[in-house]
Amino acid sequence: MQRNRGTIPISQFELSMNPHWLLAWLFAVTLAGAAPQRGKTSPQPGVPPVTMTCPMHPDIVESSPGNCPICKMSLVPVRIETVWTCPVHSVIAEDRPGVCPIDHRDLIQMTVAVTFTCAAHPEINQIDRGTCPDGTPMVKMRTLRAHGNHNPQHGGLFFMAPDNTHHLEGTFPRARIFRLYLYDDYARPLPAKQIKDVKARVVTKETFDAATRTTKEIAAFPLVKSPSGSYLEARVDRSAVPAQMTAKVQFKSDAPEYRFDFTFAELSKKPTPPAPAPPRTTRDTSAAGRTRAPATTAAASPASPPVALADPSQFATPIPDTVDEVLAQLKMRSAQIGELVQSGAFGAIWVPAFQAKDLTIALETRLGELSALRREAAEPAIKQLVRTAWLLDAFGDVGNRQQIVEAYAIFASAVTDVVSAFSARP
Amino acid sequence: MRLQRCVTLLAILLVTFTLAGRRGEAHKPITSPYTYNEHVFPIVRDRCGRCHVTGGVAPMSLMTYKDAVPWGESIRTELIAGHMPPGGVDESHGRFKNAQTLSARDLNILLTWVTGGTPVGNTERTPPAVIPGSAWRLGTPDLVLPFPSAVTLGADTVERVEEFTLPTGMTEARWVRAVDILPGTPAMVRSATIAVKSNVLPDSDRDGTTSERVLGLWVPGEDPVSLDEAGAFRLPAGAELVVRVHYKKTWEYERTAMSDRSTVGVYFAPRGTTELRALTLAPAVAQDSRVAQDFSPALPQRLSFSRVVEEDLQALALYPDAGLANVSLRVEAVRPDGSRVELIRFHPQADWARRYWFEQPIALPRGSRIEAVATFDDTLLPPGAAPPRRADHSALRLTLNVVATR
Chain A
1 MQRNRGTIPI SQFELSMNPH WLLAWLFAVT LAGAAPQRGK TSPQPGVPPV
51 TMTCPMHPDI VESSPGNCPI CKMSLVPVRI ETVWTCPVHS VIAEDRPGVC
101 PIDHRDLIQM TVAVTFTCAA HPEINQIDRG TCPDGTPMVK MRTLRAHGNH
151 NPQHGGLFFM APDNTHHLEG TFPRARIFRL YLYDDYARPL PAKQIKDVKA
201 RVVTKETFDA ATRTTKEIAA FPLVKSPSGS YLEARVDRSA VPAQMTAKVQ
251 FKSDAPEYRF DFTFAELSKK PTPPAPAPPR TTRDTSAAGR TRAPATTAAA
301 SPASPPVALA DPSQFATPIP DTVDEVLAQL KMRSAQIGEL VQSGAFGAIW
351 VPAFQAKDLT IALETRLGEL SALRREAAEP AIKQLVRTAW LLDAFGDVGN
401 RQQIVEAYAI FASAVTDVVS AFSARP
Chain B
1 MRLQRCVTLL AILLVTFTLA GRRGEAHKPI TSPYTYNEHV FPIVRDRCGR
51 CHVTGGVAPM SLMTYKDAVP WGESIRTELI AGHMPPGGVD ESHGRFKNAQ
101 TLSARDLNIL LTWVTGGTPV GNTERTPPAV IPGSAWRLGT PDLVLPFPSA
151 VTLGADTVER VEEFTLPTGM TEARWVRAVD ILPGTPAMVR SATIAVKSNV
201 LPDSDRDGTT SERVLGLWVP GEDPVSLDEA GAFRLPAGAE LVVRVHYKKT
251 WEYERTAMSD RSTVGVYFAP RGTTELRALT LAPAVAQDSR VAQDFSPALP
301 QRLSFSRVVE EDLQALALYP DAGLANVSLR VEAVRPDGSR VELIRFHPQA
351 DWARRYWFEQ PIALPRGSRI EAVATFDDTL LPPGAAPPRR ADHSALRLTL
401 NVVATR
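Which chain is which? The protein sequence lines are A and B, in order. Residue numbers for the first sequence follow the working numbering, beginning at 1 and rising by one. Residue numbers for the second sequence follow the working numbering, beginning at 1 and rising by one.
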């Protein structure tokens, strides 16, 4: 899923400098030029109207040109359409609910961008219908829009539901109060009509039986709609921080129940509004949280504002020259993930996880230096590590502690195997 | 360090200005340094192109940029879940001749590309069209046996299992090193089992092994393993082959009538080799209600079963009965001297029943105990991945077959 990440302070993860990543980043930026070209933006029959969005913050949608209220970049035109599609097969786009013809799961609503392309020239991707170089008319193409950014809007902790559609944010604004804000696939507040169907509770104490894999709730509190209807709230038995709470949410009566594990290192503070008011936003502008890059998790200290803000996925991880240094960094990243798992800062796990995977891929090129026996051990461990790094990234978004703990156990075991295969003989 | 931070800030400012300067060009961030034309295509062509090609058995082609892009999210979940490439074997616990895997680097390139904006790359390097292969993968077979008739799935039929009996017409016994199938219409031949008809080979010996009758478990995209001097299948004179084929249309062709007439190819081994034997291993309660019920938290999550080997064997391969899925299996052997050897850890996928050939034969001296542990439904699936299908009760058969020589 193309999505924007919560913003992470660079200094937190010690991205040491290397001119190579700068080149890599500039390369990526150059490639971004392959995205749709701006054309005329006249109304066209059967085509959604043009709105303006931010290239980096797709949840910003405005009716006229201007600058992004978050990053100040110039807004770009986009045609947005809501279609019914398969949870993972975006090739299916229907205009009404139904069943996916591929895997027979229920279709879900998704936001897509409509552009036009040519069969013989896939590089053509423009916002207005036109004629291809060979004289044929351009064909309509739907691209899944980036998920709304994963930054919390009320100073809380933000997760995506495993249905890949809904998002939610839990806050612990004061003692004994837990709030849950619900969003759609685009990180827009969920319409009241849909909130009505949501069944949710918050659990502050439960036990888990590993043998039967069953959970027994000891203290659970119903989440009920707030008077304004904009969030769900429960009175809980927690007043001190750190506090662990689990929201169990069913978005529709026939949908599965999902769990979201929140760890509040401190009480949630509503972010301060931005200095310049966002102009002409077509959405509820009270959701001012996105206009400031908030701490990704409660575990990140909001007291020390980050030095620089960026999306670390755009940095190539610097790879040390010696195997020993790579292994030392790998162990450090794994330990960092362990701490993030421990502290419940799930939304930040992907940063050290991706750094660890990049370090490990660098080791793959040195498999030839190992004895056959060690190579046999290292090769599958490297693959396992890379796959589970991506799994941790995916689980970090949805915030289910049990899944994250299990994935981290596999990851950490792969790290141990890689380190032992590459370590010098005693 | 301070200099480094300055460089960081400078770089961020530079890129921010660069992006801001390209007013109105991008509508979504492209963060993948890997592009389809330069990096992704060579991987999907070599690793996925047998099936994911126009006319192939997979429900989508990945052989052009335009074909691949809409499947980005699906590619992501299948790769992270470990469902593709299919195989389901844990390579950390055994080496296999026919493991289908991606290297860590290739896996990372594909995942980075699908999550990073799926850039096309240099359009002057648009790859040439990929034509599905239609040749025997082990060369021309020694014996070619076409299916007796064509099979047609009408516009109202999505899948069907067909069984054919193919007389070999052989007047003398032969040894077989491999069998293969050349599909007539690759898009509908989903899997097949090729076996020697049971009335021509003797039943179980005193020691509990039988002649291995299953010559091949065919799945698309997998090269058949050609056996070396370690052993071969025995094909008696006058033998008939029973071929059981699972025909299944992909979603695109669901409402289209399709026909197939495939061909079985048999490859003979030199004379005087060692016969492959089969040893089955199943829980005493394999068909018991504890297993053959739908999964629920109250049911046991693990089931162990074992069998003692009653003669000296060299294990060459292992396979589950077709239809087994949603279960993780771990098979080990404890030898009479107390040493323990791991045979395999795998997670069979529905529709992908295959035989796992060990890279090297594994010695199982008389008195060894083969131990299997089945754990139900314990895989970690990424969000968005389809939940495991509830197994058909009758299909949930926990029978493992060890292929060995004496």
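A couple of the hints might just be wrong.
Covered stretches of chain A, going by a simulated chain B footprint (3 or more residues, C-beta under 8 Å) [as the list claims (entries may be wrong)]:
| # | region |
| --- | --- |
| 1 | 121-131 |
| 2 | 236-242 |
| 3 | 318-330 |
| 4 | 334-345 |
| 5 | 401-408 |
To be clear, the hints were calculated from the coordinates, so they are not data collected in a lab. The C-beta atom is built at its ideal place from N, Cα and C for all residues, glycine as well.
Cross-check of the supplied hints:
1. 121-131: Held - the region 121-131 of chain A has 4 residues with a Cβ nearer than 8 Å to chain B, which meets the minimum of three.
2. 236-242: Result for this restraint: violated, n = 0.
3. 318-330: violated (count 0)
4. 334-345: violated (count 0)
5. 401-408: holds (count 3)
The structure shown violates the earlier hints numbered 2, 3 and 4.
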